[in-house]
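Q: All chains should be built: construct the whole structure from the sequences, respecting the hints.
These protein sequence lines are chains D and P, in that order. The first sequence maps to residues 0 to 249 in numbering that gives the first Met the number 0. The second sequence maps to residues 0 to 249 in numbering that gives the first Met the number 0.
No lab work stands behind these hints, which were simulated from the structure alone. The reader is advised that the hints may include incorrect statements.
[What the hints assert, rightly or not] Derived lysine-lysine pairs resembling DSSO-like cross-links, with alpha carbons at most 27 Å apart: (1) P:K72 <-> D:K162; (2) P:K23 <-> D:K154; (3) D:K87 <-> D:K160.
[Unchecked claim] Calculated Cβ distances over 12 Å to all of chain P for the following chain D residues: (4) L45; (5) L186; (6) I219.
[What the hints assert, rightly or not] Only part of the chain P face toward chain D is listed, based on derived beta-carbon distances under 8 Å: (7) L97; (8) V98; (9) G128.
For each residue, glycine too, the CB sits at the ideal point set by N, CA and C.
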Amino acid sequence: MYENFKSNSILRVSSLFIFLLIWWFSSFLYNNSLLPSPNIVFTKILEEIDNNELFFHTFITLKRVFISFIIAMIIGSVIGTFMGRREKLNTFFDDWLVLGLNVPALVIIILCYVWFGLNETAAILAVSINKIPMVAVILREGARSIEKEYVEVAKFYNISKKKLIFHVILPQLYPYLMSAARSGLSLIWKIVLVVELLGRSNGVGFKLYGFFQFFDISGILAYTFSFVLIILFVEFIFVRPLEKKLTRWR
Amino acid sequence: MSISISIKEQIYTNKDKKKIVALKEINTFIKPKEFVCIVGPSGCGKTTLMNIIGGLVKAREQKILINDKPINKENSIAYVFQTSRLMPWLTLFNNIKLVCQEDSSDLKKKISQILKNFELLDFQDSFPGTISGGMRRKVSLARAFVNNPEVLLMDEPFVSLDQPTTENLYKVLIEYWKKKPTTIIFITHSLKEALLLGDRILFFSKRPGEIILDYKVKSKRIPLKIDNKGVQKEYDIINKKYPNLLRGRK
Numbered sequence: 000m001y002e003n004f005k006s007n008s009i010l011r012v013s014s015l016f017i018f019l020l021i022w023w024f025s026s027f028l029y030n031n032s033l034l035p036s037p038n039i040v041f042t043k044i045l046e047e048i049d050n051n052e053l054f055f056h057t058f059i060t061l062k063r064v065f066i067s068f069i070i071a072m073i074i075g076s077v078i079g080t081f082m083g084r085r086e087k088l089n090t091f092f093d094d095w096l097v098l099g100l101n102v103p104a105l106v107i108i109i110l111c112y113v114w115f116g117l118n119e120t121a122a123i124l125a126v127s128i129n130k131i132p133m134v135a136v137i138l139r140e141g142a143r144s145i146e147k148e149y150v151e152v153a154k155f156y157n158i159s160k161k162k163l164i165f166h167v168i169l170p171q172l173y174p175y176l177m178s179a180a181r182s183g184l185s186l187i188w189k190i191v192l193v194v195e196l197l198g199r200s201n202g203v204g205f206k207l208y209g210f211f212q213f214f215d216i217s218g219i220l221a222y223t224f225s226f227v228l229i230i231l232f233v234e235f236i237f238v239r240p241l242e243k244k245l246t247r248w249r
Numbered sequence: 000m001s002i003s004i005s006i007k008e009q010i011y012t013n014k015d016k017k018k019i020v021a022l023k024e025i026n027t028f029i030k031p032k033e034f035v036c037i038v039g040p041s042g043c044g045k046t047t048l049m050n051i052i053g054g055l056v057k058a059r060e061q062k063i064l065i066n067d068k069p070i071n072k073e074n075s076i077a078y079v080f081q082t083s084r085l086m087p088w089l090t091l092f093n094n095i096k097l098v099c100q101e102d103s104s105d106l107k108k109k110i111s112q113i114l115k116n117f118e119l120l121d122f123q124d125s126f127p128g129t130i131s132g133g134m135r136r137k138v139s140l141a142r143a144f145v146n147n148p149e150v151l152l153m154d155e156p157f158v159s160l161d162q163p164t165t166e167n168l169y170k171v172l173i174e175y176w177k178k179k180p181t182t183i184i185f186i187t188h189s190l191k192e193a194l195l196l197g198d199r200i201l202f203f204s205k206r207p208g209e210i211i212l213d214y215k216v217k218s219k220r221i222p223l224k225i226d227n228k229g230v231q232k233e234y235d236i237i238n239k240k241y242p243n244l245l246r247g248r249k
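A: Here is the structure:
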C-alpha cells in the first residue's frame with residue numbers, strides 16, 4: 000500500500016513538473032505578455048498577496064461559492080430525492096428539470112440581475128439556480144437506486160423516521176451526494192466568476208475583468224492559479240477524506 | 000404469544016395489470032411458543048402470508064390476532080429474510096443497534112451480550128461485506144432476537160447455504176429459541192428441514208395457496224442434523240401417504 004502511494008505521488012509530482020516545463024518553454028516561444036512564464040505569474044501572486052488584494056477578493060469569491068453551493072445542494076437534493084421516489088412528481092417536474100439544465104448560465108445571471116438588481120442576493124440566486132437542476136438530476140438517480148429491501152427491514156422493525164433517514168436512506172445516497180458536491184464545486188466557482196464579472200464590484204471575477212481590460216495576462220493567471228489551488232486544497236483536504244470515511248465499508 | 004390468522008382471498012395486480020389470486024382463505028391458530036413450519040411449492044403465497052402477518056402487505060380482509068388482540072405496532076415481531084438484509088454500510092454492532100427500540104445506557108451491554116451468545120463478539124466492528132454468508136445469516140438471527148420478539152417470522156432463512164453451515168445455524172436457532180422461547184413461523188421448501196425444526200407443519204397448495212394439511216411433527220430434534228434418522232423415517236412415511244404433498248396436492 001505504501002509502495003502504491005509512493006509511486007502515485009511520484010507520478011503526480013512529475014506530471015506537475017512536466018506541465019510547468021511545457022508552460023515555461025512555451026512562454027519562451029511566444030510573446031511574454033501573451034503567455035507570461037511561471038516565475039512572472041508567481042511574482043504577480045506575491046505582489047497581489049503583498050497589497051492584500053488577492054486574499055480579499057479570493058475570500059469574497061469563496062464566500063459566494065460556499066453559500067451558493069450549500070443552497071444548491073440542499074434544494075437540489077430535496078427536489079431530486081422526491082422526484083426519484085415519487086413517479087407522478089417526477090413526471091410533472093421532469094420537463095422543468097430539462098429546461099433548467101438547458102437554459103444557458105448567462106441567461107439566468109442576466110435575468111437575476113435585471114429582476115432583482117445588481118446585488119448580492121441576485122448574484123447568489125443566479126449561481127444557485129444554475130446548479131440546482133444538476134444536483135437534482137444526480138440525486139434523482141440516487142433516490143431511484145435506493146434498495147427497497149433495506150427500507151422493508153426498517154419498516155418491519157418499526158424503526159424511527161430519524162434512523163430511517165440517517166442510517167438507511169442517506170448512506171445509499173452518499174455516493175450521489177459526493178458526486179453532486181464534486182461536480183457542483185467545480186461548476187459553481189466558474190459561474191461565480193461570470194456573475195462577479197457582470198455585476199459585482201469585488202471578487203476574483205471582478206479582478207479578472209480589470210486585468211482583461213489592461214491585457215494583464217499575468218494577473219489573470221495569478222488569480223486563476225490561486226483559486227484553482229484553493230479548490231484543489233478543498234478537494235484533497237475535505238472532499239476526499241470525507242468520501243473515504245463515508246464509503247469505507249466498500 | 001398465540002397467533003390467530005384469518006385471511007380472506009388475497010388478490011394483487013401484476014405488472015401486466017393482470018389480477019392474480021395469491022392466497023385463498025387461510026384460517027389457523029398458532030399456540031404460544033410453537034414452532035410452525037410452512038411448506039409449499041414456489042409461488043403458492045407463503046411469503047405473501049408472512050408479509051401480511053408482518054404488516055408489509057395489507058390483505059383485503061384480514062384478522063391477525065396476537066393473544067386475542069388485533070396486531071398493532073406495539074407487538075414485537077421480528078423477521079428473518081431469505082437474504083441477510085444487513086445494511087452493508089453499518090458494522091455488525093450497528094446493524095443490531097439499528098433495530099433496537101430503546102436507546103438506554105444498557106443498550107451497548109445488551110447488544111454485546113447477544114453478539115457473544117451468537118459467537119460474533121470478535122466481529123462486532125466488521126462490515127457485513129467482510130464476513131462469510133453463514134455468519135451474515137447468524138447476524139440476522141441475532142438481530143431478530145435482540146428485542147425478545149413475541150413472534151419471529153422466518154422466510155427460508157437458511158436457503159443456499161452448505162450443509163455444515165446450515166446445521167450450525169439450526170443449532171444456534173434452536174438453542175436460542177429454547178433459552179428465549181417465542182412463537183416462530185418458518186417458511187421452507189425442505190420437508191426434512193420442517194420435520195427437524197418444527198412442532199407443526201402447514202402444507203400449502205399450489206397458487207392460490209391454502210392449507211391442505213395441518214400436520215403435527217412426531218420426530219425429536221436430536222441430533223440436529225438433516226440426516227437425523229427419526230426425521231428420515233417420518234419423511235418416508237409422509238411421502239408414502241401423500242406422494243404429491245410437496246407439489247401442492249394432498
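Q: Against this structure, judge whether each hint is valid.
A: Do the hints match the structure? See the list:
1. P:K72 <-> D:K162: Given pair K72 of chain P, K162 of chain D holds - Cα atoms ~17 Å apart, limit 27 Å.
2. P:K23 <-> D:K154: Holds, at about 26 Å.
3. D:K87 <-> D:K160: 23 Å, holds
4. L45: Given a closest Cβ separation of 46 Å, the condition holds.
5. L186: 28 Å, holds
6. I219: Consistent with the label, I219 of chain D stays out of reach of chain P, its closest Cβ about 44 Å off (over 12 Å).
7. L97: Given a least distance of 6 Å, the restraint on L97 of chain P holds.
8. V98: 4 Å, holds
9. G128: Constraint on G128 of chain P satisfied, holds at 7 Å.
Figure legend: structure checked against the earlier numbered hints; every hint is met.
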